[in-house]
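There are 2 protein chains.
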Amino acid sequence: MSIQETLQKILKQVKAGIHPSDLLELIDDLNDQQRKELFELLSDEEAALIIQEMEEFDQVSLLRLLTKHRASAILKEMAADDAADLLGELSPEEVKELLSLIEEEAEEIRGLLKYPEDSAGGIMTTDFIALSEDITVEEAIIRLREVAPGTEIIYYVYVIDSQTKLSGVLSLRDLIAAEDGTFLQEIMYRNVISATAQMDQEEVARIVARYDLLAVPVVDEEQRLLGIITVDDIIDVIEEEATEDIYRLAGTGEVEGVNILEASVISIASKRMPWLLICLVGGLFSGSIIGAFEATLQSIVVLAVFIPVIMDMGGNVGTQSSTLFVRGLATGEIDNKDVWRYFFREIKVGFSMGIINGAVIAVAAWFWQGIPALGLVVGVSMFITIILAALIGTLVPMVFNYYGIDPAISAGPFVTTIKDVTGLLIYFYTASIFIKYLV
Amino acid sequence: MSIQETLQKILKQVKAGIHPSDLLELIDDLNDQQRKELFELLSDEEAALIIQEMEEFDQVSLLRLLTKHRASAILKEMAADDAADLLGELSPEEVKELLSLIEEEAEEIRGLLKYPEDSAGGIMTTDFIALSEDITVEEAIIRLREVAPGTEIIYYVYVIDSQTKLSGVLSLRDLIAAEDGTFLQEIMYRNVISATAQMDQEEVARIVARYDLLAVPVVDEEQRLLGIITVDDIIDVIEEEATEDIYRLAGTGEVEGVNILEASVISIASKRMPWLLICLVGGLFSGSIIGAFEATLQSIVVLAVFIPVIMDMGGNVGTQSSTLFVRGLATGEIDNKDVWRYFFREIKVGFSMGIINGAVIAVAAWFWQGIPALGLVVGVSMFITIILAALIGTLVPMVFNYYGIDPAISAGPFVTTIKDVTGLLIYFYTASIFIKYLV
Chain Z
490 MSIQETLQKI LKQVKAGIHP SDLLELIDDL NDQQRKELFE LLSDEEAALI
540 IQEMEEFDQV SLLRLLTKHR ASAILKEMAA DDAADLLGEL SPEEVKELLS
590 LIEEEAEEIR GLLKYPEDSA GGIMTTDFIA LSEDITVEEA IIRLREVAPG
640 TEIIYYVYVI DSQTKLSGVL SLRDLIAAED GTFLQEIMYR NVISATAQMD
690 QEEVARIVAR YDLLAVPVVD EEQRLLGIIT VDDIIDVIEE EATEDIYRLA
740 GTGEVEGVNI LEASVISIAS KRMPWLLICL VGGLFSGSII GAFEATLQSI
790 VVLAVFIPVI MDMGGNVGTQ SSTLFVRGLA TGEIDNKDVW RYFFREIKVG
840 FSMGIINGAV IAVAAWFWQG IPALGLVVGV SMFITIILAA LIGTLVPMVF
890 NYYGIDPAIS AGPFVTTIKD VTGLLIYFYT ASIFIKYLV
Chain E
490 MSIQETLQKI LKQVKAGIHP SDLLELIDDL NDQQRKELFE LLSDEEAALI
540 IQEMEEFDQV SLLRLLTKHR ASAILKEMAA DDAADLLGEL SPEEVKELLS
590 LIEEEAEEIR GLLKYPEDSA GGIMTTDFIA LSEDITVEEA IIRLREVAPG
640 TEIIYYVYVI DSQTKLSGVL SLRDLIAAED GTFLQEIMYR NVISATAQMD
690 QEEVARIVAR YDLLAVPVVD EEQRLLGIIT VDDIIDVIEE EATEDIYRLA
740 GTGEVEGVNI LEASVISIAS KRMPWLLICL VGGLFSGSII GAFEATLQSI
790 VVLAVFIPVI MDMGGNVGTQ SSTLFVRGLA TGEIDNKDVW RYFFREIKVG
840 FSMGIINGAV IAVAAWFWQG IPALGLVVGV SMFITIILAA LIGTLVPMVF
890 NYYGIDPAIS AGPFVTTIKD VTGLLIYFYT ASIFIKYLV
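Chains as they are written, first to last, in my numbering: chain Z, 490 to 928; chain E, 490 to 928.
Hints listed in this document are in silico derivations from the structure and should not be mistaken for laboratory results. Be aware that a few hints might be false.
Just so you know, same-sequence chains aren't split out, so a pair can sit in one copy or run between any two.
[Claimed, not checked] Below are the SDA-like pairs computed for lysine to any residue, each with C-alpha atoms no more than 20 Å apart in a straight line:
no., residue 1, residue 2
1, K498, S589
2, K925, Q787
3, K925, N890
4, K504, E710
5, K925, I915
6, K501, R679
Kindly generate the complete structure, drawing on both the sequences and the hints.
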């Protein structure tokens, strides 16, 4: 398909009302000049719908291809929260210039821009419906029919009292099901579950998941409605947070938020480097343990053969322990009050796994090298290393968590280094005790 | 708080209409006898609402405390999809007995039970509204008002044609906004995005996330509506799949689906053991590489000092590469068609990181041990090890993915073993080449 054909195909699909997210792959194949051409052929509204579906880096580069005038016209058509998110990626000068061209919607976007990107305020939209509690169901439905064409989300109707405080919520279904003439305050649900603007997006996601909500209202300290967060944005948050945790657990946290397919080699490498350098220092430190036992190793070189298995097993158990604990905290399966109970159970798990693996490796080492004492040394070391790995793998993230640092960060290089050092120390120390039986 | 007080508190909160998921923590504190007592005091409907929010293992143990008669009465009150999920955890005999007591709803539940647990059919509910396309908006709203009290989800109204095939969809908002007298077929959205009953739940989640849906219809081969999947269940799927990936990446995949706080020490340990045993064999295999170079090591024992840093760095780079690739595939950031492009970029990233880390460790080794040639050996080995770790860390999951096996599984013990073996081989082989400059 030639580029001209792709362009025509995209245009045709836009006019046919194809869901904009289905166009992204086609747009991916266009270069900057062609993208510019395409967006010049689209209406502001069509352009806004497509841009809303794009990844942030693509949004920014596209917006910069257009004139400021056009860009502001498209921003105006976007949902206020999406527009604010996009502007959050631009320089303050660009934001100022673009907002100056937008007029009335600018105030709304400016209001959203003041919240941190990953707070409830940062992901909420101001596109919601609030009705007074002293109107009837009939009046409410008339009001909804008026605003429906221009409002995106109306499956929840929020109810406010005479002081404009959030006092209740109704689903559209409740309204439809109610008798005409009923006042909203008679049928509204009063225990509204809400978020505050400062709340971390992860916490909001937990609320939505816990109560199976389609949207959650965001309120200020006086319980006044500031906006709502819809479930589609919550899905993005959940995926984002899972990716962040996965990357941090793998010791490559900084790559989060980078387009891993399009980013340059240098940018990816430089984001991964800090973790590697920590790991490098840790590895040298572990090596210094071996250095300290050089004399032992010199007299019985075969000890080196079991360095990898001690390190790998300690590593695997440590990773398992950290991962189970960190993920348990993230999903809420482990509560802060359960932490110590979990910790002691984990030590018992480590004990059981240590016994079995210690026994297996003891027999393996004995028969492989034909030295019974070597089996004993490797087995005992393996046993202790596994218990300690389970302990350290849980304790280090616990400490991070206690001090309010994301425990996922600790699971990579930190746990690796601590359990390598302890594992090797135990191994060589045990060996030096039994050295006369080994040579 | 005494148990009796807890019981009273729960009962009071149930009657006050507190969201059932807020009661779970209180119920957690009760023992089996007390739970039985509590549920005997609740109505079938109240009990059903609470049970629906519980984890599957808790649901099963609770249900087994009750008489078959009571259990079936509660199942009857549950949403059909939740009831089917619960029954899926019981023995065929129990299912048969319970269903025989339920009567009319049994057919619906039986229909749901035939789909695999993690397929679209397995997570769908049959609680949806389908209207004929040749009725008017007014008639539709009257119909909705009739069914609203008994139906859970009515923000989407599905439209079927004269052959009962799914032909369109309307949001409640579209209906509210439309003029009376309009026929549904005039305003319905015809490009309905749907799932098939056999579709994997992960794929359904991707569809819902991609198109920002609140629910997705499930159809058979003839495009007949079988059920719908709501976004709250999709959120559970996304969390479940992320947890599964995280556990597999950490080499502890089997623990998925276990209550990590309540499960016994033996059950947790035995789920983690298979991965450890693979790792143990891998570690011994890596050790045999060192064994093969025993003579080299004997003549220059200081070589052992750099074994940990070579292994750790290879490990970290390999984990980074596997994780980025596996997560990229899972979120759809890396498409199957981009795989090779990603692979070659990753090798370049490995090259850059190898150069820098190789140079750093070369200088460090030289100055630490005072042997220039040792710096060269360690530096070159580190450089090659890192490139290979990036290559292997991406290639192994690629192969798993190509053969339809979850690539996350490969990232644990398999990648560890392969990159340990290659790393150590490169290190000792390089050392044996330069041996005369080392001693």
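Tested hints:
no., hint, verdict
1, K498 x S589, "neither (35 Å within a copy, 56 Å between copies)"
2, K925 x Q787, "both (13 Å within a copy, 18 Å between copies)"
3, K925 x N890, "neither (45 Å within a copy, 51 Å between copies)"
4, K504 x E710, "neither (45 Å within a copy, 29 Å between copies)"
5, K925 x I915, "within (17 Å within a copy, 33 Å between copies)"
6, K501 x R679, "between (48 Å within a copy, 17 Å between copies)"
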